[in-house]
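S.K.: Protein chains in written order, with our numbering: chain H, 1 to 259; chain U, 1 to 254.
Please keep in mind that the hints were generated in silico from the structure rather than gathered at the bench. All values reported here derive from a predicted model rather than from experimental measurement. Don't be surprised by glycine CBs; every beta carbon is placed ideally from N, CA and C. Please note that a few of the clues may not be correct.
Here are some of the chain H residues that sit facing chain U, going by a computed Cβ distance under 10 Å [as the list claims (entries may be wrong)]: (1) Gly37; (2) Gly63; (3) Thr184; (4) Ile214; (5) Ala252; (6) Pro255.
Lysine-lysine pairs mimicking DSBU-like chemistry, simulated, CA-CA at most 35 Å apart [as the list claims (entries may be wrong)]: (7) Lys242(U) <-> Lys6(U); (8) Lys256(H) <-> Lys77(U); (9) Lys256(H) <-> Lys247(U); (10) Lys6(U) <-> Lys248(H).
The calculated label-pair distances, taken between Cβ atoms and stated as ranges, are [said to hold, decoys possible]: (11) Arg16(U) <-> Leu53(H): 56 to 62 Å; (12) Arg82(U) <-> Lys198(H): 28 to 34 Å; (13) Glu2(H) <-> Phe22(U): 18 to 24 Å; (14) Arg124(U) <-> Gly40(H): 30 to 36 Å; (15) Arg124(U) <-> Pro18(H): 36 to 42 Å; (16) Asp251(U) <-> Gly40(H): 29 to 35 Å; (17) Gly45(U) <-> Lys198(H): 27 to 33 Å.
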Amino acid sequence: MEELLRYEHVDISYLGVPTVRDVSFTLAPGEILGIVGESGSGKSTLIKAAMGLLGAEGCVTRGDIWYKGKNLPDLPQKELRKLCGPELGYIFQSAGSSFCPIRTVGAQLYETMREHERISKADFEARAMEMLQKLGFENGKRILESYPFELSGGMQQRIGIAAAMLLKPSVLFADEPTSALDVTIQKQVVEEMLLVRKTFGTAVVLVAHNLGVIGAMADRVLVLKDGEAVEYGKTQEVLTNPQADYTKALLAAVPKLRR
Amino acid sequence: MEPILKAENLTKVFSRQGQEDFTAVNGISFELFPGECLAIIGESGSGKTTAVNMISRLIDATSGQITLNDQDITHLKGKALREVYRTMQMVFQTPTDSFDPRRTLGDGIGESLRNVGVSKAETRKKVEALLEKCGLPKEFARRYPHQVSGGQCQRAAIARALAIEPKLLICDEATSALDVTVQKEIIELLNELRAQQGQSLSILFICHDISQVQQFADRVLVMYHGNIVEAGTPDEVIRTPKNDYTKRLIDSVL
């Protein structure tokens, strides 16, 4: 199977304290991998490591993260920055607070694009409008002219996805993109991300604690507990026939709607 | 049977200078009976928390009436209002924020007992018993909020709410900030408490997770834009929703 991204026996520490131990997985083009686990299990740390977002206190202490033949933790900062955006996209939990509140959405998206390529304002607008249209936004122009606070939480999150997709990355890391949202809006965001995969063939690493979201989206799932992978396999198999005790407990704890 | 809590035409309008008035809760009415668990669900901004904040008298209602245990508590103030909290206690969404970070959990749990004149030695004994009742070792009385996990802190918050043996427990998104395994533990604890106390404990449970409500509540009210749009048993509401919003809410559950 073709591989896009490969984690090999990755250990990550914060201030010398190990938070992730010996985690390995692979990601194929267009695949959606779900990472589940409780707060503090190391889910977000794992994807931040690929993007160099661990900050001064965290570092990958062992193992490699391979992306198209390059080991991401070994790359000089400048080279990694070039990959972040056009190759590796990132969506944050709260898109609203990841935008600048005093500048329009359009101005911020333009800034992101200009960082990576020479593009005129008119070309940017044409591309942004095309992207927004592909992702199902009805009035792209109005959105580009809006300030983040003028949009609802769900809309902000969908624009966070559109912003990441403007540079057409091959891998999209999504850190709890739906947990701050209401259930009705959660569904819209899930549909948006599935549309991204269908339209652009983007591979997605989805971090979530909601097993329902993982079940609806992911092809494979990695279950983390206290920084270690306790189970890794096809989503349907893991959800219907879990092997690890922890996965069983996690599944048993999810309240199911009896329709 | 007389209801323990009755809300009649409860309305809250927020007035903001230079802006139009905003009606957060629009004349809602409901009753909660002894021993019953009533859930209120709805999305962010639907008015759930504003409604319970009025009931728990953390904010004043613009109009309407709240009757607790046959007493009109809508406009009570000062000492009379403090007396109300012998009957009604709250458990909040973020457990660590609801305790004073500079005082031990035991201190926080015992405060309401000391306020009603229980002696120090008696308070200590009661606090230990309450912690054990809520599934925590009694040694936790000496811990500070930051020294325990979110789930343990929420158990302590429930112990604190139960300290003066209230008849009504108001849980405002008491499980939403917790992991799913911990959520389950807290729901099991509340179920145990209900089984132990029978008709002497009623629960008003605010939640946005309809599947959790189905496991736990006797009746459910669905709120949307400040109105109650549907009411019934969880099974009725989930299987035969009448309102369009309720249908959408149920369809969205993944």
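S.K.: Holds or violated: Ile214(H) as interface residue toward chain U, Cβ cutoff 10 Å?
M.R.: Holds. Min distance 9 Å.
S.K.: Is 27 to 33 Å a correct range for the gap between the Cβ atoms of Gly45(U) and Lys198(H)?
M.R.: Since the Cβ atoms of Gly45(U) and Lys198(H) sit about 31 Å apart, the hinted range of 27 to 33 Å holds.
S.K.: Regarding the pair Lys242(U) and Lys6(U), is the alpha-carbon distance no greater than 35 Å?
M.R.: 24 Å, holds
S.K.: Could you say whether the range 56 to 62 Å given as a hint is met by the Cβ separation of Arg16(U) and Leu53(H)?
M.R.: Between Arg16(U) and Leu53(H), where Cβ atoms are some 38 Å apart, the hint is violated.
S.K.: Within 35 Å, alpha carbon to alpha carbon, are Lys256(H) and Lys247(U)?
M.R.: At roughly 17 Å apart (the allowed maximum being 35 Å), Lys247(U) and Lys256(H) satisfy the hint.
S.K.: Let's test the interface hint: is any C-beta of chain U closer than 10 Å to that of Gly37(H)?
M.R.: Cβ of Gly37(H) sits 9 Å from chain U, so the hint holds.
S.K.: Let's test the interface hint: is any C-beta of chain U closer than 10 Å to that of Pro255(H)?
M.R.: 4 Å, holds
S.K.: Do Glu2(H) and Phe22(U) keep their Cβ atoms within the hinted range of 18 to 24 Å?
M.R.: With Cβ atoms ~54 Å apart, the hint is violated.
S.K.: Next pair to validate is Lys6(U) with Lys248(H); report whether the Cα-Cα distance is within 35 Å.
M.R.: 42 Å, violated
S.K.: For Arg124(U) and Pro18(H), compare the CB-CB distance with the range 36 to 42 Å and indicate the outcome.
M.R.: 39 Å, holds
S.K.: I want to verify a distance hint. Is the separation of the beta carbons of Arg124(U) and Gly40(H) within 30 to 36 Å?
M.R.: At 32 Å between Cβs, range holds.
S.K.: Evaluate the given range 28 to 34 Å for the C-beta pair formed by Arg82(U) and Lys198(H).
M.R.: 59 Å, violated
Checked against the numbered hints given earlier, the structure breaks hints 2, 8, 10, 11, 12 and 13 and satisfies all the rest.
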